[in-house]
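Participant: Sequence:
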Amino acid sequence: MSEKEIKWTAPEYEHFSKGADWHWLSIILAIVIIGIALWQGNFLFAVFAVLAEIMIIVWGTREPEFVEFRLTKEGVAIHDHKFYQYADLSGFSMRRLDEISSELVLTKKGQFSPHIKMLCSTSDFERIKDFIHQHLPELDYEESLVEHLGKLMKF
Numbered sequence: 009m010s011e012k013e014i015k016w017t018a019p020e021y022e023h024f025s026k027g028a029d030w031h032w033l034s035i036i037l038a039i040v041i042i043g044i045a046l047w048q049g050n051f052l053f054a055v056f057a058v059l060a061e062i063m064i065i066v067w068g069t070r071e072p073e074f075v076e077f078r079l080t081k082e083g084v085a086i087h088d089h090k091f092y093q094y095a096d097l098s099g100f101s102m103r104r105l106d107e108i109s110s111e112l113v114l115t116k117k118g119q120f121s122p123h124i125k126m127l128c129s130t131s132d133f134e135r136i137k138d139f140i141h142q143h144l145p146e147l148d149y150e151e152s153l154v155e156h157l158g159k160l161m162k163f
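So the sequence shown is numbered by our numbering: it starts at 9 and just counts up by one.
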């Protein structure tokens, strides 16, 4: 007998620990960019660089919140704030990130923000994959350059 819904709780995004070296490198890089902007007389860009560095530091130290995900026969619910019907999705992809966590990627129909990523436990990998496969086709998913750079920069 198939399940009616699957629920799990996971961090809203994959978190990378950032040490003091990461923070110092970020600050030094920002100082260099601000220095070049001031040397060129581009004060607006210097202000932008200061604000951007503040945001990088704040977002870089922020811990992810835990979110409840639900797969139902009608669609996918994220933290009771967003609901995506299967008719609005073109497919899914799943991959194991490590021994503990996996990632479910849903592809939306349309061009703007086409992917929805959800972390899940690797122990639930097959159960989630079997359930969602009843409603959506499995697609190939390749990370974009921006996603690769984000992981390289520990974001």
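Derived by calculation from the structure, the hints in this document are not laboratory data.
These numbers come from a predicted model, not from an experiment.
Certain hints may be false.
[What the hints assert, rightly or not] Calculated pairs, DSS-like style, for lysine-lysine (alpha carbon to alpha carbon, straight line, at most 25 angstroms):
hint : residue 1 : residue 2
1    : 116       : 26
2    : 90        : 116
3    : 81        : 137
[As the list claims (entries may be wrong)] Derived Cβ-Cβ restraints for the label pairs, each shown as a range:
hint : residue 1 : residue 2 : range
4    : 154       : 19        : 38 to 44 angstroms
5    : 117       : 25        : 49 to 55 angstroms
6    : 17        : 134       : 14 to 20 angstroms
Backbone N, C-alpha and C define an ideal beta-carbon position, used for all residues, glycine too.
Participant: Evaluate each hint against the coordinates.
Facilitator: Structure-based check of each hint:
no.: 1; hint: 116 x 26; result: violated, 32 angstroms
no.: 2; hint: 90 x 116; result: holds, 13 angstroms
no.: 3; hint: 81 x 137; result: holds, 14 angstroms
no.: 4; hint: 154 x 19: 38 to 44 angstroms; result: violated, 20 angstroms
no.: 5; hint: 117 x 25: 49 to 55 angstroms; result: violated, 36 angstroms
no.: 6; hint: 17 x 134: 14 to 20 angstroms; result: holds, 19 angstroms
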